[in-house]
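Line order of the protein sequences matches chains U and S.
Its first residue numbered 1, the first sequence is counted upward by one per residue in the numbering used here.
Its first residue numbered 113, the second sequence is counted upward by one per residue in the numbering used here.
Watch out, some of these pointers could steer you wrong.
Said to hold, decoys possible - From the structure, some residues in chain U lie toward chain S, with a derived Cβ separation under 10 Å: (1) 38; (2) 48; (3) 51; (4) 54; (5) 69; (6) 72.
To be verified - Straight-line C-alpha distance at most 30 Å; calculated DSBU-like pairs for lysine-lysine: (7) 96(U) / 469(S); (8) 553(S) / 265(S); (9) 218(S) / 273(S); (10) 469(S) / 265(S); (11) 218(S) / 557(S); (12) 557(S) / 469(S); (13) 265(S) / 218(S); (14) 218(S) / 469(S); (15) 23(U) / 273(S); (16) 96(U) / 265(S); (17) 96(U) / 273(S); (18) 265(S) / 23(U); (19) 96(U) / 23(U).
To be verified - To be clear about the criterion: a stretch of chain U counts as covered by chain S if any three or more of its residues have a C-beta under 8 Å from a C-beta of chain S, and this derived list gives those stretches: (20) 23–37; (21) 80–94.
To be clear, the hints were calculated from the coordinates, so they are not data collected in a lab.
The beta carbon of each residue, even a glycine, is placed where N, CA and C say it ideally should be.
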Amino acid sequence: MESLILILVGVLVAVATYLILSKQLLRVILGTAVLSHAAHLLILTMGGLKKGDVPLIGESAGPYTDALPQALILTAIVISFAVTAFVLVLGYRAYKTNGTGQLDEMRGTSDE
Amino acid sequence: MSNMIVLPLIVPVITAILLVFLRENIIIQRIVSVCTLGFIVIISVVLMLEVQHQGVMRIDFSGWLPPFGILFVADTFAVLLVLVANIVATICVIYAFFTIGEQYEKMYFYPFVLLMVAGVNGSFLTGDIFNLFVCFEVMLLASYALISLGGGKAQLREALKYVLINIVASWIFLVALAFLYGTIGTLNMAHIALRVTEAGVDPLITTVGLVFLIVFSLKAGLLLFFWLPGSYSAPPTAIAALFAALLTKVGIYALVRTFTLLFTTNPEVTHMTLGIMAGLTIIAGCMGALAGRDVRAIAAYNVLIGVGFIVAGLAIGTESALQGVTYYLMHDMVVKAMLFIAVGMMIYVTGETTIDKMSGLIRNYPFFGWLFFVMMCSLAGIPPLSGFLGKVLIGQGAIEGGNFVLLGLGFLSSLIVLYSLLRIFLSSFFGETIISIEDEKPLPKRIVLPLTLLAVCTIALGLGAEWMAPYVKDAAETLHTPSIYIDAVLNGEKWQGEVNQ
Chain U
1 MESLILILVG VLVAVATYLI LSKQLLRVIL GTAVLSHAAH LLILTMGGLK KGDVPLIGES
61 AGPYTDALPQ ALILTAIVIS FAVTAFVLVL GYRAYKTNGT GQLDEMRGTS DE
Chain S
113 MSNMIVLPLI VPVITAILLV FLRENIIIQR IVSVCTLGFI VIISVVLMLE VQHQGVMRID
173 FSGWLPPFGI LFVADTFAVL LVLVANIVAT ICVIYAFFTI GEQYEKMYFY PFVLLMVAGV
233 NGSFLTGDIF NLFVCFEVML LASYALISLG GGKAQLREAL KYVLINIVAS WIFLVALAFL
293 YGTIGTLNMA HIALRVTEAG VDPLITTVGL VFLIVFSLKA GLLLFFWLPG SYSAPPTAIA
353 ALFAALLTKV GIYALVRTFT LLFTTNPEVT HMTLGIMAGL TIIAGCMGAL AGRDVRAIAA
413 YNVLIGVGFI VAGLAIGTES ALQGVTYYLM HDMVVKAMLF IAVGMMIYVT GETTIDKMSG
473 LIRNYPFFGW LFFVMMCSLA GIPPLSGFLG KVLIGQGAIE GGNFVLLGLG FLSSLIVLYS
533 LLRIFLSSFF GETIISIEDE KPLPKRIVLP LTLLAVCTIA LGLGAEWMAP YVKDAAETLH
593 TPSIYIDAVL NGEKWQGEVN Q
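Same shape as in the complex, but just chain U (with noise of 0.2 Å):
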């Protein structure tokens, strides 16, 4: 299960890294948003998948399963959301102001 959850967050950071790397900056954006996806499943699989049951005590007797990535998750789920709301606004932002969304023609001279 680990390995498969590995090769899923390989193939996402692929897709995140040829996306961040194109020339548009929409395509650069929804990058970084996968690209946080990747980070969230990895923090999950390193802290084992599944290896016991709910962890509050009197449910059961143990093994617990591990809560703390989840919380990380949670934490880094709402965080990169925002990062995201933010990094849209100011794509669009950008657009529109510089009359372009790709990357290369928004580079501009430096005596601006």
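Since the structure of chain U is already known, use the hints to place chain S on it.
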């Protein structure tokens, strides 16, 4: 008493949220933001005295004992940085009052600054590495907003670059955290340090350490600084000064914490890499500072030289070098804010950005000219200003550690810093004045006030070295002997038998 440790994080967050509702009322916004920052300065002075008195303090949130819960740890190093960071932030905000313009002030400038300061303070004080990530993100999100406020063409472009670089850096941070958790199984910094020491030299742990090195180097502008000169010259002066003073320093703080506390078992690899990166940063920063004709670019490359110099001290790693690192970090915050504000004022009065087009400013604005001179001497490390002692201590550490290459590079870089600023001084402040009396833009006292305050800080930090010495010594001792920190966090509880695998 230990509840006070959380105040530098929580107070600015609360006031920032309050200020969102007072958007139209600029006067209240100004008063509240300066009072908040001033309050944190007072808090950190009290904390500093308290830590000196009773050793490293900590607060366990909701009573979860370490290593299980999140905690804040106040050692002298962190508290000193909180103190100086907030003094500098207060002064930058005062500068923003008079220069940034109503448009910015109504677009939540002050709430964003307070949130950024909250993130910075949190990063300094936290004792949990995932919490460090969260505090970094708080600080970064506020800085994303600050760098894109205003929305000019060039500014949005630089903002996009800055944001994307930082997203990728944060991603690497998460990956490093995942591998760290997978290897060590804990996120509490003291506990990580303990387990890493127990594990001995382990290639996997060293690799995780190097991944952290990449993350924090990106944030601090150590070798991976390609984003820095562009980003720091795009936003308005007050914001650029805040960035230059605080953001790279948080990266350096994280590097210092990581490589004095967490990953200390394999210094042949980690500290060697740090040393090489520091040396290359100093060289690249010097080249940039010498080649630039734009004052903002020269200032940005001077930030890099500072980063390289501090990390060189960290790579040397003897106790006197760490004292130098502590001292130089404080000095660097003050003087980089000063440099950026001075450069911003030069651009404001002349309307030009290249040094060739400015001349004779000292005749029009003599006081400003001499303030620039003080700043230049301080950056170059001329006694009795604050840069001197840090350089001496790092130099002393380098000699003790036999690290003569870094010693040579560090001291050569001082000369280049002096030369690059002297070039600005000679061509822009001396020489024939090009601004006639009628065209002279007035430079009211209140705009010069923040720069004067910073000059007072750098002189005080230099002359008050004797008074600061016990605190700096204590900070360096805690950094040099990680067991002090570890014991303070994990003391007395029955954790040892239960938690250790």
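Here is how each hint holds up against the structure:
1. Given hint, residue 38(U) at the interface with chain S, holds; its Cβ is 8 Å from that chain's nearest Cβ, closer than 10 Å.
2. Interface restraint check for residue 48(U): the shortest CB-CB distance to chain S comes to about 8 Å, inside 10 Å, so the restraint holds.
3. Evaluation of the residue 51(U) hint against chain S yields a violated restraint, the C-beta minimum of about 13 Å exceeding 10 Å.
4. Hint status for residue 54(U) relative to chain S: violated, with the closest Cβ pair at about 18 Å, above 10 Å.
5. Interface restraint check: residue 69(U) against chain S, minimum CB-CB distance 7 Å, threshold 10 Å, status holds.
6. A cut of 10 Å between beta carbons decides the hint on residue 72(U): the least distance to chain S is about 6 Å, and the hint holds.
7. Distance hint between residue 96(U) and residue 469(S) is unfulfilled; the C-alpha atoms sit about 33 Å from each other, more than 30 Å.
8. Pair hint residue 553(S) plus residue 265(S) holds up; C-alpha atoms about 27 Å apart against a cutoff of 30 Å.
9. A threshold of 30 Å between alpha carbons decides the hint, and for residue 218(S) with residue 273(S) the separation of about 25 Å falls inside it, so the pair holds.
10. Proximity of residue 469(S) to residue 265(S) is assessed by CA-CA distance (about 24 Å); at most 30 Å being required, the pair is judged to hold.
11. With a CA separation close to 24 Å, the supplied pair residue 218(S) and residue 557(S) stays within the 30 Å bound.
12. Between the alpha carbons of residue 557(S) and residue 469(S) the distance comes to roughly 25 Å, so the proposed pair stays at or under 30 Å and holds.
13. Pair hint residue 265(S) plus residue 218(S) holds up; C-alpha atoms about 21 Å apart against a cutoff of 30 Å.
14. For the hint pairing residue 218(S) with residue 469(S), the CA-to-CA distance comes to about 34 Å; that exceeds 30 Å, so the pair is violated.
15. Between residue 23(U) and residue 273(S) the alpha-carbon distance is near 13 Å, which keeps this suggested pair within the 30 Å criterion.
16. Taking the CA atoms of residue 96(U) and residue 265(S), the gap is near 10 Å; set against the 30 Å cutoff, the hint holds.
17. Only pairs whose Cα atoms come within 30 Å are accepted, and residue 96(U) paired with residue 273(S) is accepted, the gap being roughly 17 Å.
18. Simply put, residue 265(S) and residue 23(U) have alpha-carbon atoms about 18 Å apart, close enough for the 30 Å limit, and the pair holds.
19. Under the criterion of a C-alpha separation no larger than 30 Å, the hint pairing residue 96(U) with residue 23(U) is consistent with the structure, at around 17 Å.
20. Residues of the stretch 23–37 of chain U with a Cβ under 8 Å from some Cβ of chain S number 5, which satisfies the need for three, so the listed coverage holds.
21. Counting residues of the stretch 80–94 of chain U whose CB falls under 8 Å from any CB of chain S gives 8; the rule of at least 3 is met.
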